[in-house]
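In case you want the letters, here they are:
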Amino acid sequence: MEWNTTSLGRVVPAEIDGKKLTPFAGAFADPRAAAVSSERSDQRAAAAAAPSMRQTLRPIPSRGRPVKLVSGWNDLFDRLELRDGATISFHHHLRDGDRIVLEVVSRLAARGLRGLRIAPTALFPVHEGLLPFIRSGVVARVEGSMYGAIGAACSKGEIPELCVLRSHGGRQRAVQEGELVIDAAFIAAPCADPFGNANGLSGKSACGPLGYALPDSQNARKVAVITDGLVPYPCHHWSIKGANVDYVLEVESIGDSAKIVSGSTKLTRSPTQLLIADMTARFIEAAGIMKEGFSFQAGAGGISLAATVFLAERMRKAGVKASFAHGGATKVLVDLLEEGLLGSIVDLQSFDLDAALSCARDPRHIESDPFSSYGPRSAGCVANMLDVAILGATEVDLDFNVNVNTHSDGLLLHGIGGHTDAASGAGCTIITAPSFRKRIPIVRERVTTLTCPGEVVDVIVTERGIAINPARPDLIERSCRAGLPLVDLPRLMEDVRKITGIPEAPRFKDRPVALIEWRDGTVIDVVRELDL
Amino acid sequence: MSKDLFRAGSRAKSDCSVTYERNGAPLTATVSSSVGSLFGKAIAAAALRVAAEFGVMTGSFTIDDDGALDGTVAARAEASLRLAGFSRIPEAVPAQAPLADAPAAARPANARAASPRGRPRRARLYLPGDQPHLAVNAGLFGADCLVFDLEDAVVAERKFETRILVRRVLEENLMLGNCEIAVRVNPLSGPWGKDDLAEIVKARPHAIVLPKCESAADVENADREISILEEAAGVPAGSIYLMPLIETAAGALNAKEIAKASPRNVALLFGREDFSRDIGAVPVAALPGAESLLARQMIVLAARAARIDPLDSTYADVGDEEGLKASCEEARALGFAGKGVLHPAQIPIVMEAFRPTEEEVMRAEKIVAAFDAAAAEGRGAISVDGAMVDAPVAKKARGILRDYRGAL
Chain A
1 MEWNTTSLGR VVPAEIDGKK LTPFAGAFAD PRAAAVSSER SDQRAAAAAA PSMRQTLRPI
61 PSRGRPVKLV SGWNDLFDRL ELRDGATISF HHHLRDGDRI VLEVVSRLAA RGLRGLRIAP
121 TALFPVHEGL LPFIRSGVVA RVEGSMYGAI GAACSKGEIP ELCVLRSHGG RQRAVQEGEL
181 VIDAAFIAAP CADPFGNANG LSGKSACGPL GYALPDSQNA RKVAVITDGL VPYPCHHWSI
241 KGANVDYVLE VESIGDSAKI VSGSTKLTRS PTQLLIADMT ARFIEAAGIM KEGFSFQAGA
301 GGISLAATVF LAERMRKAGV KASFAHGGAT KVLVDLLEEG LLGSIVDLQS FDLDAALSCA
361 RDPRHIESDP FSSYGPRSAG CVANMLDVAI LGATEVDLDF NVNVNTHSDG LLLHGIGGHT
421 DAASGAGCTI ITAPSFRKRI PIVRERVTTL TCPGEVVDVI VTERGIAINP ARPDLIERSC
481 RAGLPLVDLP RLMEDVRKIT GIPEAPRFKD RPVALIEWRD GTVIDVVREL DL
Chain B
533 MSKDLFRAGS RAKSDCSVTY ERNGAPLTAT VSSSVGSLFG KAIAAAALRV AAEFGVMTGS
593 FTIDDDGALD GTVAARAEAS LRLAGFSRIP EAVPAQAPLA DAPAAARPAN ARAASPRGRP
653 RRARLYLPGD QPHLAVNAGL FGADCLVFDL EDAVVAERKF ETRILVRRVL EENLMLGNCE
713 IAVRVNPLSG PWGKDDLAEI VKARPHAIVL PKCESAADVE NADREISILE EAAGVPAGSI
773 YLMPLIETAA GALNAKEIAK ASPRNVALLF GREDFSRDIG AVPVAALPGA ESLLARQMIV
833 LAARAARIDP LDSTYADVGD EEGLKASCEE ARALGFAGKG VLHPAQIPIV MEAFRPTEEE
893 VMRAEKIVAA FDAAAAEGRG AISVDGAMVD APVAKKARGI LRDYRGAL
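In order, the protein sequences belong to chains A and B. If you number the first sequence the way our numbering does, the last residue is 532 and the count never jumps. If you number the second sequence the way our numbering does, the last residue is 940 and the count never jumps.
Think of the hints as simulated: they come from the structure by calculation, not from any bench. These numbers were taken from a predicted model, which means no experiment stands behind them. Certain hints may be false.
What the hints assert, rightly or not - No more than 25 Å apart at the CA atoms, straight line, and that leaves these computed lysine-lysine pairs for BS3-like:
1) B:Lys545 x A:Lys498
2) B:Lys545 x A:Lys266
3) B:Lys792 x B:Lys726
Sequences and hints are given; from them, build the entire structure.
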């Protein structure tokens, strides 16, 4: 295997399956830009030759109403004409309540298909049921976020082909550019009409937005909508446009609605998490970010949610309103919207029922999609409009590089989500993390896996103080003036090591099991097989 | 459990269980841990170091771990060996030179800074002694005082291993910040109190909280006991403070004598739950604190007369911020100098409630300025706005400025 070295010193493969890979060259270097634009002009010249330009392959519809409704799963699979090695895609709006991924894969396995590549926008604990299909050879590759047991299986070398991890924006770009070619997109929809128009706003499995499925609906060779909420044409609100949909299948249930919206928006009781959240809110105010009309993104994790609550308290006291928050929407954000502290919510996905309901009823709660929110080849996306993004990490290092994928023991346990997209777009990127978990230090000399370069990371907030990237003297100065507890990372690392001890390094084999792709399609790092 | 198996600790978050098996084979340590690939060797080494301190060469440790720090592993290993009847070999005991007399450079890096008698004790955070994960960050939340609890928070079966754990946490002293460190031992009249003191005095906490104090004799006994232990451990005589805790009718009636019973006393504490039970009161929401009003006023008077801090009980409903705020305001109005807290989230509310008023801060500024000016001219006592100001008054004013000038 030939190798390249990225601009941050990571050694990554030069080629996989005969396809040349470009090493990461900087967050905004975009070394593939020239190639992409020439591909585009080529595509215009020879559209039919480009497999991703699916629209050109569809025959002009004949006169009258197309019949898209299929009679059952077998009817659907007969029409999809999937073969061994096909790439199938799914969205993750149904979260841990999803029934469709396992339903599709087990039915395709029963039909004798093997070597499938699955390209979900994310996987959840419920998808551990994929493991037997991975071990039996039905699934050969995962291109998408891997969570928990699936990621661990990948780390242990159990997935035969090389997997690819992309951010939400990076995945959208790969689909748009024809780099991730999807043979069939299975779009679970809480509400759909027989023509294929679909949304997630109503129906018994309502989940809020359905935007993650949008790029797949536009670019997959075949698109199937699976619904448990069939309504007459035209359904109201077309998150997914029927013009992009080939088939519609009605089923009893697409998911377990109790787990679709987990509803765990209770404020954390962990004193350490509360302390970090409080310091984060103090920093945002002290740094001058919290001013009239500002915007922010904070996830639904314990620290992020608490930071949002504390930030809102400061906004109330100071009489400041935010123009919008980007989510991952939660009840916390919905309450702020209704209180008038937020002008609007731009929402890629609802984390709880309150958010899903708000998205359905409140025009200020705007449904987004990965291209609009995070698209690397957009003319600017929602992330670019953010003044501050509050993100998490499994590790950070002395150069402010961030790992969100693996733990210090080398196990791949998390996807990237929107992390790198938000970090690259926002005016200020804050990473919140405890300085150690159990006895595992979070601040390392070098991150185990490099997901996000320190170039786009400005601030790291821990319970033992705030570290600010030396590239941001403006933030350092304002924080000093406000008397915030600043620390430098080498000192923090030493202090934490005195408490935890120094962990042993995990042992890896040479073989990469997953690529970590930067938003522009370059390879920023690899996850290697663990030597157990 | 077989007579040759001795177990301490449990596999809880940031804790571990250590089982020592007595047998004739050369000593081994087997580790199963959620952080095993990163710290497996360190965990085994921590247990084996303790075995060396105890001169134990045979047998086997089985350690079931979920991210315990080395100090916790060592505490659990020590407890298992002591249950098996081993004791520490004397030369392994740390040097006995009185620390306070040693030059700063010669002190171990983890030596605790002294805690001034007159320091503020607004918020004191109670930490169940047997939950090591709570201790790790306890110093970060801004409490004036941390109280490691060996008494009510610890069940009888865990008293033995918990006092060892707390001793080790205090000895390591890695993360306790600038807090005053106190340990609530069990009552000395009961089965555990004396063993608690024997274990804990060695680790030199700033203070011992003495529960269920009912008479001056209770305090005098503790004072005597601590003096003997201080001498044996090479701790400077009289350096460990006492905080008698009054939580019975008899204790309240004897508050005056209790407050004056020992020069070690720095604070007089009130314990509301036990007090209510003791007097047979059934508290009602409409009259919050009514059952203990007289007792608390007696404690304030006794403590203030003895020039020590009267400190109010905890507020049990951790989620009720408004209730806590009201309770703090009431305590302050009665003359208390601080309150106990059960969760770090309560600390900012208590600190806010016990902060001086703007007028007090301005007056402190005036006092310090006048006192410094007078001192420069060689005068000691002066008067500010008609009130006499001497060194102790000036010192208190400086304390107020140190803590609050920046915040206004």
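Sort out which numbered hints this structure fails and list those numbers smallest first. Violated hints: none at all, because every hint is consistent with the structure.
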